[in-house]
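There are 2 protein chains.
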Amino acid sequence: MITQSEYKSALERATLMLERAGIAITSEEQKRLEIADFGLGQLEQTGLEVLTYVNTERVCAKEIVMFPHQTCPEHWHPTKASKLGKEETFRCRWGTVYLYVPGESTPNPACKPPAGSEDHYSARHEIVLKPGDQYSLYPDTLHWFQAGSEGAIVSEFSTRSTDDEDRFTDPRIKRIPEVQKT
Amino acid sequence: MITQSEYKSALERATLMLERAGIAITSEEQKRLEIADFGLGQLEQTGLEVLTYVNTERVCAKEIVMFPHQTCPEHWHPTKASKLGKEETFRCRWGTVYLYVPGESTPNPACKPPAGSEDHYSARHEIVLKPGDQYSLYPDTLHWFQAGSEGAIVSEFSTRSTDDEDRFTDPRIKRIPEVQKT
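Protein sequence lines, in the order shown, are assigned to chains A and B.
In this text, residue positions in the first sequence follow the numbering used here: the first is 9, and each later residue adds one.
In this text, residue positions in the second sequence follow the numbering used here: the first is 9, and each later residue adds one.
Derived by calculation from the structure, the hints in this document are not laboratory data.
No experiment lies behind these values; they were computed from the predicted model shown.
It cannot be assumed that every hint is accurate.
Claimed, not checked - According to the in silico footprint, chain B covers these stretches of chain A (three or more CB under 8 Å from chain B):
no.	stretch
1	28-38
2	64-77
3	162-173
Using N, Cα and C, we set each Cβ at its ideal position, and we do this for glycine too.
Make the full structure from the sequences, and use the hints.
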């Protein structure tokens, strides 16, 4: 659960980061920027600030704002029967983001999983994305990512987003954010 | 046909515009930035500078740089048998872009088709996109667009791009650019 005060503060902070990066959004978009704490109640550690530009049956594009060291927890986009899971490309626009995928463990990785949640993180192959760098993830691929010390802004280009179908390694996670009513 | 000198000059200019807008690209990307004159040999009037970030079977994302008053000529993305045509969302990142689609003719539109090519432009309903504004186009929809007096940078989020399948109103158009060999 995100409190109203956390929500407002995160919204303001994410808006300022977009502005600083020269990424224009409309006032209508600013109002629907999603503050997601993944149900863990520790937004600074595990969370994302997401603006979905478009999400049709075929295409989705988002801007993802991450506070310093904020983590998107490990998950995958499952293929169900003949319906391929979500495919996505992350393109770093500002700051640094560290992406972890299956493969050889990177010695001395830049990030650690959030304290207390280590058991729910298994991908250990590190991809470093700085502005202009990007990486494509195909369906059913485990991944998690964490921003560097300045935070990060990442564009996501993908097939349709169906966030409620995402599968997380951590069973405590709730993808759809709950914000306390005023 | 684009001469080597036109190519180099357009590449440099597009790169500077991206830089000025705070859009980071890698040096590898800079080298493969596409300079497209649509075969008309009048790049300043009819042309685009395009960086394709990703183009898989399912998803495509591009950054489109447009010089002042430069026009992308009228075209559509055809559905073929059961294969749906390309769907695309244009999001203005910098400058102003005027998009023309079927519908009621806009009185006193901001743009005119390039001189001498008027017969090959029919969509007359104007959509004005400034930074943060976007518009989605579904398959088989005629459209053309022109940058304002400062030029424009537009992100395109779409299904797979198959440029050679695009259909242009102007039969003289060749979508795949030819650059003079040195």
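*Could you work out which earlier hints the structure fails to respect and list their numbers in ascending sequence?*
none
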